[in-house]
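Novice: This is what each chain is made of:
4 protein chains.
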Amino acid sequence: MENFKQKLHNISCFVFDVDGVLTDGSLILLQTGEQARTMNIRDGYALQLAVKKGYRIVIISGGKSEAVKTRLNGLGIEDVFLGIEDKISTLKNVISKNNLVTENILYMGDDLPDIAPMKLCGIASCPADAATEIKEISIYVSDKKGGEGCVRDVIEQTMRLHGKWGY
Amino acid sequence: MENFKQKLHNISCFVFDVDGVLTDGSLILLQTGEQARTMNIRDGYALQLAVKKGYRIVIISGGKSEAVKTRLNGLGIEDVFLGIEDKISTLKNVISKNNLVTENILYMGDDLPDIAPMKLCGIASCPADAATEIKEISIYVSDKKGGEGCVRDVIEQTMRLHGKWGY
Amino acid sequence: MENFKQKLHNISCFVFDVDGVLTDGSLILLQTGEQARTMNIRDGYALQLAVKKGYRIVIISGGKSEAVKTRLNGLGIEDVFLGIEDKISTLKNVISKNNLVTENILYMGDDLPDIAPMKLCGIASCPADAATEIKEISIYVSDKKGGEGCVRDVIEQTMRLHGKWGY
Amino acid sequence: MENFKQKLHNISCFVFDVDGVLTDGSLILLQTGEQARTMNIRDGYALQLAVKKGYRIVIISGGKSEAVKTRLNGLGIEDVFLGIEDKISTLKNVISKNNLVTENILYMGDDLPDIAPMKLCGIASCPADAATEIKEISIYVSDKKGGEGCVRDVIEQTMRLHGKWGY
Chain A
2 MENFKQKLHN ISCFVFDVDG VLTDGSLILL QTGEQARTMN IRDGYALQLA
52 VKKGYRIVII SGGKSEAVKT RLNGLGIEDV FLGIEDKIST LKNVISKNNL
102 VTENILYMGD DLPDIAPMKL CGIASCPADA ATEIKEISIY VSDKKGGEGC
152 VRDVIEQTMR LHGKWGY
Chain B
2 MENFKQKLHN ISCFVFDVDG VLTDGSLILL QTGEQARTMN IRDGYALQLA
52 VKKGYRIVII SGGKSEAVKT RLNGLGIEDV FLGIEDKIST LKNVISKNNL
102 VTENILYMGD DLPDIAPMKL CGIASCPADA ATEIKEISIY VSDKKGGEGC
152 VRDVIEQTMR LHGKWGY
Chain C
2 MENFKQKLHN ISCFVFDVDG VLTDGSLILL QTGEQARTMN IRDGYALQLA
52 VKKGYRIVII SGGKSEAVKT RLNGLGIEDV FLGIEDKIST LKNVISKNNL
102 VTENILYMGD DLPDIAPMKL CGIASCPADA ATEIKEISIY VSDKKGGEGC
152 VRDVIEQTMR LHGKWGY
Chain D
2 MENFKQKLHN ISCFVFDVDG VLTDGSLILL QTGEQARTMN IRDGYALQLA
52 VKKGYRIVII SGGKSEAVKT RLNGLGIEDV FLGIEDKIST LKNVISKNNL
102 VTENILYMGD DLPDIAPMKL CGIASCPADA ATEIKEISIY VSDKKGGEGC
152 VRDVIEQTMR LHGKWGY
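Chains as they are written, first to last, in the working numbering: chain A, 2 to 168; chain B, 2 to 168; chain C, 2 to 168; chain D, 2 to 168.
To be clear, the hints were calculated from the coordinates, so they are not data collected in a lab. Careful, some of the hints might be misleading.
A pair holds if it fits inside one copy or across any two, identical chains being indistinguishable in the list.
[Said to hold, decoys possible] Below, computed lysine-lysine pairings styled on BS3-like, alpha-carbon distance capped at 25 Å:
1. Lys70 - Lys8
2. Lys136 - Lys93
3. Lys65 - Lys54
4. Lys98 - Lys65
5. Lys53 - Lys145
Everything numeric in this text was worked out from a predicted model, so none of it was measured.
Required output: the full structure, derived from the provided sequences and hints.
Specialist: Okay, here's the thing in structure tokens:
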């Protein structure tokens with residue numbers, strides 16, 4: 002935990018998975034074949050604030066939903082990568098294209114496809130209800146579940162540390 | 002708490018935020034770009050009753066949803082201000098236009114944009130799952146979460162005190 | 002509780018409120034003005050079974066939703082009264098029209114408009130999260146919340162006692 | 002529990018009910034008469050992985066929803082039997098048509114119509130919130146509720162035992 006707090010000083014970029022991190026992991030199945038997802042308004046507030054204060058937010062998800070893209074773009078997030086099977090390649094591309102340093106990146110994921118990209122980043126973190134393997138490699142496990150404020154939790158802690166949290 | 006009960010005697014106007022107060026903070030993302038919100042039926046019953054018994058209900062929200070407006074108007078609430086970035090200006094306008102006295106106003110909010118308008122009102126209150134800063138400045142923290150009866154809680158307590166609660 | 006078990010022997014008719022009893026009290030607000038409600042599949046199974054075994058099920062609700070009517074009719078329930086402001090009149094009409102005896106009726110409600118009709122029936126019962134006044138006049142408070150199995154609870158207990166529960 | 006672990010070695014086929022097992026038991030009622038169901042993303046991940054690694058997944062449900070079929074087919078599951086009143090006949094047909102051995106089948110159900118087919122299979126299991134009768138005949142009761150990871154739980158345990166779990 003002390004390790005986490007220390008590493009938090011370096012964070013200027015957040016990478017989030019969608020399902021089970023930005024959402025509560027539920028899929029509402031509609032007759033049209035549409036799968037509606039559920040996000041959290043206080044996570045959204047923190048994401049919007051982080052973008053405004055100059056943090057880079059990157060979204061990498063295996064799922065593919067226009068509704069998710071619309072919501073995240075609306076919060077000011079431009080790097081939204083959906084329908085990604087090989088997350089680590091996408092992450093490496095983002096890093097090299099923007100000259101990012103891995104120590105500056107906090108990654109939050111919840112399931113097996115997140116293992117490889119998580120290991121690449123300065124901070125590996127996860128929601129309270131992440132898969133076993135994910136919890137094992139995370140240096141920070143939020144006390145909030147996916148879709149219930151885990152994203153807000155890591156953003157808020159980081160921005161407070163940097164003196165950037167506030168209205 | 003004693004302070005809260007005492008101040009409750011003066012309340013004739015309630016100001017509520019929408020997301021995380023009147024809703025559970027969830028956003029259901031639909032393919033059309035629509036963001037569906039979830040409210041609580043027992044909150045609705047209390048709001049309707051308060052309007053009938055002559056209390057003024059004011060809604061001030063940063064979000065903008067026709068569905069929310071439809072629901073709240075249907076409950077008899079006329080002062081529904083949505084898409085508001087600067088909540089304190091809106092509140093001040095409502096106050097001056099209707100010659101309200103701040104001691105008579107109970108405000109319930111859950112996140113940073115509510116801080117300034119909350120401080121203006123006789124009673125600052127919040128749901129059980131409000132942001133840290135909000136809890137700190139609230140003289141009453143409901144044991145109910147947003148969308149799970151926190152609105153009913155403050156309305157019911159007030160109306161009971163005034164002998165106006167009941168079918 | 003002993004009183005409840007004893008009175009349960011006489012029950013051949015169940016009266017249920019919709020919002021907060023058959024539903025979890027949530028209203029999902031859609032752009033069209035539609036308010037989607039959420040019911041529970043195991044409640045539905047019990048309702049269907051009760052109808053098949055000859056129990057009378059009566060639904061009386063202040064709300065008015067075609068979706069609710071469709072669902073309940075689909076379970077075999079014919080007496081579905083929606084948009085009712087004066088529940089006790091509706092209940093009295095049902096009773097006289099069908100020559101029912103009040104001792105044979107179990108009523109489950111959750112909020113103020115249910116008080117008067119509840120008092121008329123042999124058993125007054127409610128979900129775990131009912132309003133204070135309702136809990137006070139209920140001889141049985143289910144340990145299940147609205148929309149989470151409270152309806153199943155009272156139907157299952159009754160049918161077990163009568164030796165009619167089972168596939 | 003030891004019995005369960007031992008029997009798990011033989012499992013090569015999973016049979017799941019839909020409502021209350023693959024879903025959280027909720028039905029969202031829409032004006033069109035549509036009943037939207039809610040599934041879990043981590044269950045879906047496990048189902049997809051099991052199919053890829055050669056396990057047979059069979060779905061038998063009393064309900065009938067195109068949305069459910071679309072979702073399950075999308076995960077690679079072909080044996081999706083919906084609108085089934087007599088589950089045991091369907092299961093027997095699947096068994097004989099594919100020359101399955103009952104000892105190799107794990108069944109997870111939550112309510113009365115699952116009793117007969119459950120008894121036929123090598124392992125009878127259920128979610129944490131299953132009906133009383135189902136819990137009584139289950140040799141394994143998951144600590145996860147329906148729609149909250151009970152399906153993932155049994156698949157993950159089986160595949161770990163077989164050394165097949167992983168990305």
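Novice: Are the hints correct? Go through all of them and say.
Specialist: Against the structure, the hints come out as follows:
In this assembly of identical chains, the alpha carbons of lysine 70 and lysine 8 never lie at most 25 Å apart, being 30 Å within a copy and 45 Å across copies at closest. In the homo-oligomer, the alpha carbons of lysine 136 and lysine 93 lie at most 25 Å apart inside one protomer (23 Å), although the nearest pairing across protomers, at 41 Å, exceeds that limit. Taking the shortest Cα distances, lysine 65 and lysine 54 sit within 25 Å of each other only across copies (23 Å), while inside one copy they are farther apart (28 Å). Proximity of lysine 98 and lysine 65 under a CA criterion of 25 Å is satisfied intra-copy only: 23 Å inside one chain copy versus 36 Å between copies.
For the homomeric pair lysine 53 and lysine 145, the shortest alpha-carbon distance inside one copy (24 Å) is at most 25 Å, but the shortest distance between copies (32 Å) is not.
Violated hint: 1 only; the structure is consistent with all others.
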